[in-house]
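There are 2 protein chains.
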Amino acid sequence: MSEVLLNHINRYVELDEGIAQEIAAFFSTLKLQKRQVILEEGSVCNQLFFVSKGCLRLYYLDDKGVEQTIQFALETWWMTDIDAFNKKGKSSYSIQALENSEVVAISKDDWTLLLEKFPELEKYFRQIYERAYAASLFRIKLFRLSKEEFYHLFRDSYPGFIQRIPQKILASFLGFTPEYLSELRKKNESK
Amino acid sequence: MSEVLLNHINRYVELDEGIAQEIAAFFSTLKLQKRQVILEEGSVCNQLFFVSKGCLRLYYLDDKGVEQTIQFALETWWMTDIDAFNKKGKSSYSIQALENSEVVAISKDDWTLLLEKFPELEKYFRQIYERAYAASLFRIKLFRLSKEEFYHLFRDSYPGFIQRIPQKILASFLGFTPEYLSELRKKNESK
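Here the protein sequences line up with chains A and B, keeping their order.
Take the first sequence: its position 58, counted from the start at 1, is 58 in full-length UniProt numbering, and no numbers get skipped.
Take the second sequence: its position 57, counted from the start at 1, is 57 in full-length UniProt numbering, and no numbers get skipped.
Calculated from the structure, these hints are not laboratory results.
Be aware that one or more of the hints could be misleading.
Quick list of in silico lysine-lysine cross-link-like pairs, DSBU-like style, CA-CA up to 30 Å [said to hold, decoys possible]:
{"no.": "1", "chain 1": "B", "residue 1": "117", "chain 2": "A", "residue 2": "141"}
{"no.": "2", "chain 1": "B", "residue 1": "34", "chain 2": "A", "residue 2": "108"}
{"no.": "3", "chain 1": "A", "residue 1": "108", "chain 2": "A", "residue 2": "87"}
{"no.": "4", "chain 1": "B", "residue 1": "31", "chain 2": "A", "residue 2": "141"}
{"no.": "5", "chain 1": "A", "residue 1": "117", "chain 2": "B", "residue 2": "34"}
For clarity, every value in this text was computed on a predicted model and none was experimentally measured.
I would like the entire structure built from these sequences, with the hints used as guidance.
Here it is in structure tokens:
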């Protein structure tokens, strides 16, 4: 299992070496190819993923069959369809690697066991969900901005990130057409 | 302190009677008048609120001085500016009671102490934030719907709630003008 995850947990909760190894045994590491899908919309969602390297996206197909990206996960972010994972239900989203990536995965049953055996991890996951909740609240606020303001704020908040994502997917996340995003970029480059 | 909170905690974590009373001592109960503001945008956010009766809303003033409502909290929901609360920073939002309400409040320092003293509550708050995160993710997905679809889905998901909120505030939450909401309602009543 990735050292990245153990280091990340240690930032929130102090683990001694023995416990760290026991915790590590609950997880498996997956190496993903760029564009590989690790959760398919409509299939049972039974895994929680932690990105140790690379980038994932969460998306769904709308009524018109167009992919709508609603979230990204970079290094040290967790990702799943949280609602489906909790209920072991069918996922409303797909998850795909946007780059060659490495993720650490745990099944719902193992996650439940892990938290029972190491309740000190509740503090870690409480803070993870707190952060995820705060980020999505901020995202909701951003929807009230004009499209151009939203683009600038997103670009300034995650400057390196915009270069890493295919333009079509970035446009979908921002709620733009690819043509509109391309116009915005040209306009800003020429400034 | 409100029995509603203790009952709610007990749904997630089993507390024995002695502990329940010690936990209760960390909270204070506030009775709020309709329209009373308990957190002002720009002031330091030092409290986390649990609604035991009534309804709160979270909102901010946009560039044009218009109030934008981005979240509601009904009975058994928690509310604060989570980011500002964690940093003890200035709030980006105001919180107001929409009805005569009763809330249970805890300061940031007391909350930190509470979790240190009763780490079993980490599991409770982990699930609270998990739920809040799942709800805001669903909210983000709803933004992709047409305005009319969004209204119907919201109305069908929270049938009693729509009657409780002033129309102007509901319109702001849905991202509509009050005139558009009024038209939609008339159109649906006449069906």
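Restraint check for residue 117/A with residue 34/B, where alpha carbons must lie at most 30 Å apart = Violated: residue 117/A and residue 34/B sit about 46 Å apart, past 30 Å.
30 Å limit on alpha-carbon distance, applied to hinted pair residue 34/B and residue 108/A | violated, 43 Å
Is the hinted pair residue 108/A and residue 87/A satisfied, with a Cα-Cα distance of at most 30 Å?
-> holds, 9 Å
Quickly compare the C-alpha distance for residue 117/B and residue 141/A to 30 Å and report which way the hint goes.
-> Violated, at roughly 35 Å.
Take a quick look at whether residue 31/B and residue 141/A sit within 30 Å of each other, Cα to Cα.
-> Holds: residue 31/B and residue 141/A sit about 29 Å apart, inside 30 Å.
In terms of the numbered hints stated before, the structure departs from hints 1, 2 and 5, listed from lowest to highest.
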